[in-house]
Amino acid sequence: MATIQVERKKMNLLERIYLPEIIRGFRITTFHFFRNLLFHLFRAFGFKNFKGAVTFQYPEEQRPLSDRLRTRHRLMQREDGSPRCVACMMCETVCPAKCIYIEAAEHPDPNIEKIPASFDIDLGKCVYCGFCVEACPEDAIRMDTKILDIASLTRGGLYYTMEELLHPEQHGAKIEEARNKVLPPK
Amino acid sequence: MSVVFIQSTLQLVAVFAFFMGVLSLAGLLTWVERKQSAVMQDRIGANRAEIFGFRFFGLFHIIADAIKMLTKESFIPAKADKFLYQLAPIISVFFALITFAAIPFGNDLKFGEYVVPLQGLDFNVGLLFIFAMLSIAVYGVILAGFSSQSNFSFLGGLRATSQLLAYEMAMGISIIGLVMCYGSLNLNELVHSQGDYLWGWLPKWGFFLQPLGFIIFLIAGIAESKRVPFDIPEGESEIVGYFVEYSGMRFGLFFLTDFLETILISCLAAVLFFGGWQVPGLFEDGFHFWNGVVWNLPSFVVTIIGVFAFIFKIAFFCWFLMTIRWTLPRFRYDQLMHLGWKILFPLSIANILITGTVILLLS
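Line by line, the protein sequences give chains A and B.
Residue numbering for the first sequence is 1 to 186, as defined by this note's numbering.
Residue numbering for the second sequence is 1001 to 1363, as defined by this note's numbering.
Only chain A is shown next, with the shape it has when bound in the complex (with noise of 0.2 Å):
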């Protein structure tokens, strides 16, 4: 069998002795505790370009999101509110979770194929992959709403339709519904 050796560094005297090694572990806490504690009480006073903490207060401070981040889908419209998926399965094929069900239907236009009768997701299934953004070849679905906060007390909660994945700016009003309801007695 391969063995790696590894070469551990022999400690010194001082090392050994540890108590030194301590004091200086002791030295770079205390610095941080007395440097924030200092911060802390200039920004209580007013100067606010000092921070002591790292923290985003989360419900009221959201973090700002990198515009890659991966976050609740949403379905693309047409310039006429219809949407640009043209039903061709793609993402429901590449998707590695299963959690699209596309229904297709036929368009009006003759121009364009099809249109999806219902496109829904189950966020409880899905894996935040992104294979069907990649995957989709008319640019109709994206990951891009930067929303977060999909929880809720019931599974249907999670289940998106197309409608609602048409609308992200209608998410929260979804959420506000999913939170009042009471869950189903067992």
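Read the hints as simulated data drawn from the structure, not as lab findings.
A virtual CB, placed ideally from N, CA and C, is assigned to each residue, including glycine.
Please note that a few of the clues may not be correct.
Here are a few chain B residues that face chain A, going by a calculated C-beta distance under 8 Å [what the hints assert, rightly or not]:
1. Q1036
2. V1039
3. M1040
4. D1042
5. R1043
6. I1044
7. T1323
8. W1326
9. T1327
10. L1328
Starting from the structure of chain A, add chain B where the hints point.
Same frame as chain A, but now just chain B:
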């Protein structure tokens, strides 16, 4: 009314205030632990508990914790030994609290004809009393581990036993050097004799006479309080520890004991090694400055200053122990035993030898 009666009543009031202070400080330490660790790690820390929109830097979390502990179900495992199971947290917290009776938290308060000693129990074996009570407190831990009938808590109890045994030895022996220097086991006398000066300027504090003894005492003391560098009995990451089966306020009592022991170690460190309520330059009649100027103060005021100095020393040591707790990682079990038996124990005996030799040479 007789003088003695009034004196005893006043002493009772003072000691009661001290006990209440200790208990409040133990509660406050839960907040200090959260906030100090947060500040040390560039975080903000718990600040969500609020009353009418006021948050007060998260101070209400103490109340929230207490309400949570008291209203939670206090569950007793079906197979547990019910009597011992319920007795264990009480033993733990009782013997941690009773040690404070022997701590002198101020000089005798003198006004008019009254002399009020600021100490619960002033007796000759105060030091032995504290160590005896500390040893009995271990029973609470062992009983908790044993009576829960859970393998994890049993493991925690075993670990606690061997750890506390190892460190109690080093702790007890590290104090002997100090006792040799001052020639007394009476805590009040120990503090009084620390008011002297070496070469006229260095306070004759235990720390300056026994630096090695202080380091051994502090390490053993941290081990005694079962907090992080030595939290093997609790071992939150693997066995949760001897109180794994406890819930509600019974668990809260074990938690409280940890903080009480932290305060106790701070008190002992202050009393034994940092002059208790002594302030350098402060004598019975007021401040003596280095150039011979004397600022006379009434003895009443001097005593009060001493009490505040003692509170300051306790606060400093509590902060110090917290900083250590949030700086160091936990020891491995064999390292713990190695440190206790092979390093601290021989060192503390060597300390006695050196102290004895020096005392013999100087006399």
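We went through each hint and held it up to the structure:
no. : hint  : result
1   : Q1036 : holds, 7 Å
2   : V1039 : holds, 5 Å
3   : M1040 : holds, 5 Å
4   : D1042 : holds, 5 Å
5   : R1043 : holds, 5 Å
6   : I1044 : holds, 4 Å
7   : T1323 : holds, 6 Å
8   : W1326 : holds, 6 Å
9   : T1327 : holds, 4 Å
10  : L1328 : holds, 7 Å
In the structure shown, no violation is registered for any of the earlier numbered hints.
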